[in-house]
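Enquirer: Please construct the entire structure, taking both the sequences and the accompanying hints into account.
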Amino acid sequence: MEDLKLQEQPASQEAPAPVAEMPPLLTVSPSPHARQGITTSHLMRDVIIALLPATIWGIYIYGLRAALVILFSVLSCVVSELLFQILLKRTVTISDCSAILTGLLLGLNLPPNVPFYVPIVGGMFAIIVVKQLFGGIGKNIMNPALAARVFLMLCWTNQMTGFPKEYTRLWWSADAVTSATPLASLKVGALAENFNLLDLFLGRTGGCIGEISVLMLLIGGAYLLVRRVISWQIPVAYLGVVALLTFLFPAGGADRLPYMVASLCSGGLILGAFFMATDYVTSPVTNGGRLLFGLGCGLLTFFIRRFGGYPEGVSFSILIMNTLVWYLDMAFKPHVYGIQRKKKGEKKA
Amino acid sequence: MNKYLKQLKEGVLDQNPVLVQLLGMCPTLATTTSVKNAFGMGMAATAVLICSNIFISLLRKFIPKQVRIAAYIVIISGFVTAVELLMKAYVFSLYQSLGLFIPLIVVNCIILARAEAFASKNPVLPSAMDGLSMGLGFTFALCILGSIREILGSGKWMGLQVLPDSYPKMVIFVLPAGAFLTLGFVIAAVQKIRNTVEERARKKAAQKPAEQEENAA
Chain W
1 MEDLKLQEQP
11 ASQEAPAPVA
21 EMPPLLTVSP
31 SPHARQGITT
41 SHLMRDVIIA
51 LLPATIWGIY
61 IYGLRAALVI
71 LFSVLSCVVS
81 ELLFQILLKR
91 TVTISDCSAI
101 LTGLLLGLNL
111 PPNVPFYVPI
121 VGGMFAIIVV
131 KQLFGGIGKN
141 IMNPALAARV
151 FLMLCWTNQM
161 TGFPKEYTRL
171 WWSADAVTSA
181 TPLASLKVGA
191 LAENFNLLDL
201 FLGRTGGCIG
211 EISVLMLLIG
221 GAYLLVRRVI
231 SWQIPVAYLG
241 VVALLTFLFP
251 AGGADRLPYM
261 VASLCSGGLI
271 LGAFFMATDY
281 VTSPVTNGGR
291 LLFGLGCGLL
301 TFFIRRFGGY
311 PEGVSFSILI
321 MNTLVWYLDM
331 AFKPHVYGIQ
341 RKKKGEKKA
Chain F
1 MNKYLKQLKE
11 GVLDQNPVLV
21 QLLGMCPTLA
31 TTTSVKNAFG
41 MGMAATAVLI
51 CSNIFISLLR
61 KFIPKQVRIA
71 AYIVIISGFV
81 TAVELLMKAY
91 VFSLYQSLGL
101 FIPLIVVNCI
111 ILARAEAFAS
121 KNPVLPSAMD
131 GLSMGLGFTF
141 ALCILGSIRE
151 ILGSGKWMGL
161 QVLPDSYPKM
171 VIFVLPAGAF
181 LTLGFVIAAV
191 QKIRNTVEER
201 ARKKAAQKPA
211 EQEENAA
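First to last, the protein sequences are chains W and F. Reminder that position 249 of the first sequence reads as 249 in our numbering, one-by-one numbering, no gaps. Reminder that position 215 of the second sequence reads as 215 in our numbering, one-by-one numbering, no gaps.
Careful, some of the hints might be misleading.
Unchecked claim - Under 10 Å between C-beta atoms, here's a sample of chain W residues computed to sit facing chain F:
(1) Pro115
(2) Tyr117
(3) Val118
(4) Val121
(5) Val150
(6) Phe151
(7) Leu154
(8) Cys155
(9) Trp156
(10) Thr157
Said to hold, decoys possible - Far from chain W, some chain F residues (derived; all Cβ distances over 12 Å):
(11) Val20
(12) Leu59
(13) Ile63
(14) Arg68
(15) Thr81
(16) Ala113
(17) Asn122
(18) Leu160
(19) Asn195
(20) Ala201
Source of the hints: derived by calculation from the structure; they are not laboratory data. Quick reminder that beta carbons are idealized off the backbone N, C-alpha and C, glycines included.
Expert: What follows is the structure in structure tokens.
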């Protein structure tokens with residue numbers, strides 16, 4: 001700082017008036033000095049683009065009502081963030097698109113036939129309670145969309161679990177013939193006889209708006225991986241563990257391979273692994289931590305699905321692992337350059 | 001008399017055992033699913049608190065320091081048993097819905113804290129008053145939590161329908177998760193109110209000397 005002052009002084013003495021127009025003599029700033037120009041809103045926009053195929057597929061399967069649910073959820077998130085930040089006189093950050101992404105993710109995690117108060121209350125809970133009360137973007141402990149989904153699940157279990165049959169295109173009203181999702185039938189027993197794995201993969205099944213089409217989600221996930229928005233560790237570890245466990249321990253005497261594929265393709269597993277568990281704020285920053293994070297998510301998902309009370313365990317397991325992120329990062333603290341690591345058994349030198 | 005009123009205010013507001021001292025969290029979270037349960041729990045604890053405070057205060061010179069906690073527990077559990085039997089006899093439905101949490105009053109930290117911090121050092125009458133005010137503070141906090149949880153979670157208050165039938169009940173508020181959420185929000189609100197009151201008092205105190213100086217000048 002003093003160097004800067006010393007250099008500036010002669011300039012201001014010579015010509016006091018045009019100082020403002022002169023380029024700064026010296027820019028003093030902490031590292032990093034080379035920046036990529038990627039901002040929060042760029043990343044958020046990329047994730048939103050990656051979610052579009054799954055969103056469009058959900059709207060195609062379930063009709064206009066799915067779009068309305070997503071719209072209400074997004075609007076609720078954005079308006080909550082705006083109002084909260086204005087009321088608390090904080091900087092308004094809705095332009096970074098993170099609230100839009102939270103709303104979109106929440107909407108994709110809802111059944112299309114929920115009453116409209118569900119996405120609205122969910123959006124408010126996600127933004128105000130889970131995100132802003134903890135300090136806003138970058139400071140929340142849990143993924144807002146997932147926490148809101150669990151809140152809604154516990155609030156209105158019936159509304160949140162009555163999934164309509166596939167291709168029931170709803171408009172304004174929510175009256176629909178509900179049917180068991182593939183995941184629920186997996187939970188009850190073995191694979192149903194007419195369990196079409198291709199239908200599961202393409203998304204011709206019942207479920208939440210955004211989770212049904214594995215193909216569309218994989219396209220989005222691949223886009224994110226290619227754009228280096230997310231790294232491979234969390235999805236690979238997560239899906240790998242679930243695949244391994246379901247392959248080794250198929251339930252109800254089902255064949256190993258179909259059971260594994262059905263488990264991977266049903267429920268919100270793909271959506272969770274690629275889009276929710278990889279959230280920057282709530283996942284580890286170290287590669288080792290990410291692998292362990294994915295491993296933990298996979299184990300918990302398998303155990304909750306197999307032994308828990310709810311058919312789906314993806315949201316619970318990601319939320320539980322979210323709370324452990326700090327410890328995972330501490331376990332894989334990077335080695336500081338120039339300092340030798342202590343060997344085992346070798347105490348103070 | 002003024003001293004006792006001050007004690008009452010301390011117990012219910014400034015030093016509220018649940019909302020400020022954060023004592024007795026277990027019954028607070030578990031029994032506030034409805035106002036009726038919350039009130040019953042609060043009253044049972046208040047009765048035990050008053051009686052145990054009186055007795056511990058009476059015996060404070062006889063109890064050896066080394067075994068005082070054990071002695072307090074014996075006295076407290078005696079009164080808890082009495083309250084439990086009374087509730088079983090006269091308010092059986094409340095007794096059933098509170099269940100295990102009545103015997104658990106024995107290990108309620110509010111009661112032990114008041115015994116240790118107040119009754120063992122003060123004469124009988126202030127100790128009784130301390131038991132009453134802390135008990136009322138506990139009941140007050142429980143009733144606030146119970147009201148919020150019952151209204152949001154089942155649309156009722158004291159068993160009466162207050163919200164229309166079409167209101168979609170937010171079941172989470174009757175579940176344990178909702179207890180934590182509600183408690184957090186209520187504590188935050190109380191803290192906010194206390195801070196603003198303190199701020200105002202500080203401003204007043206800062207203004208007074210300034211005015212006096214001006215007057216003197």
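Enquirer: Now tell me if each hint is right for this structure.
Expert: For each hint, the structure was consulted:
Using the Cβ-Cβ criterion of 10 Å, the hint placing W:Pro115 at the interface with chain F is satisfied: the shortest such distance is roughly 7 Å. Taking 10 Å as the C-beta cut-off, the interface hint given for W:Tyr117 holds, the closest approach to chain F being about 7 Å. With 10 Å as the threshold, the beta carbon of W:Val118 comes within range of chain F, its nearest partner Cβ sitting at about 8 Å, so the hint holds. Nearest Cβ of chain F to the Cβ of W:Val121: about 8 Å, under the 10 Å cut. The hint holds.
Because the beta carbon of W:Val150 sits about 9 Å from the nearest beta carbon in chain F, less than 10 Å, this interface hint is met. The interface hint given for W:Phe151 is met, as the beta carbon of that residue sits about 6 Å from the closest beta carbon of chain F, less than 10 Å. Residue-level restraint check for W:Leu154 holds (minimum Cβ-Cβ distance to chain F is 4 Å; threshold 10 Å). Hint status for W:Cys155: holds, given a least beta-carbon distance of 4 Å to chain F, under 10 Å.
Given hint, W:Trp156 at the interface with chain F, holds; its Cβ is 6 Å from that chain's nearest Cβ, closer than 10 Å. Annotation: interface hint on W:Thr157 holds; nearest CB of chain F at approximately 7 Å, less than 10 Å. Non-interface status of F:Val20 relative to chain W is upheld: no Cβ of that chain comes within 12 Å, the nearest being about 20 Å off. Every CB of chain W lies more than 12 Å from the CB of F:Leu59, the least distance being 47 Å, so the non-interface label holds.
With a cut of 12 Å on Cβ distances, F:Ile63 stays outside the contact zone with chain W, its closest approach being about 44 Å. For F:Arg68, the requirement that its beta carbon stay farther than 12 Å from each beta carbon of chain W is met, with the minimum near 40 Å. F:Thr81, annotated as away from the interface, keeps every beta carbon of chain W farther than 12 Å; the closest lies near 37 Å. At roughly 30 Å, the least C-beta separation between F:Ala113 and chain W is larger than 12 Å, which holds for a residue marked as non-interface.
The Cβ of F:Asn122 lies farther than 12 Å from every Cβ of chain W, with a closest approach of about 40 Å, so its non-interface assignment holds. A cut-off of 12 Å between C-beta atoms confirms that F:Leu160 is not in contact with chain W; the least separation is 22 Å. At roughly 15 Å from the closest C-beta of chain W, the C-beta of F:Asn195 stays outside 12 Å, upholding its exclusion from the interface. A cut-off of 12 Å between C-beta atoms confirms that F:Ala201 is not in contact with chain W; the least separation is 24 Å.
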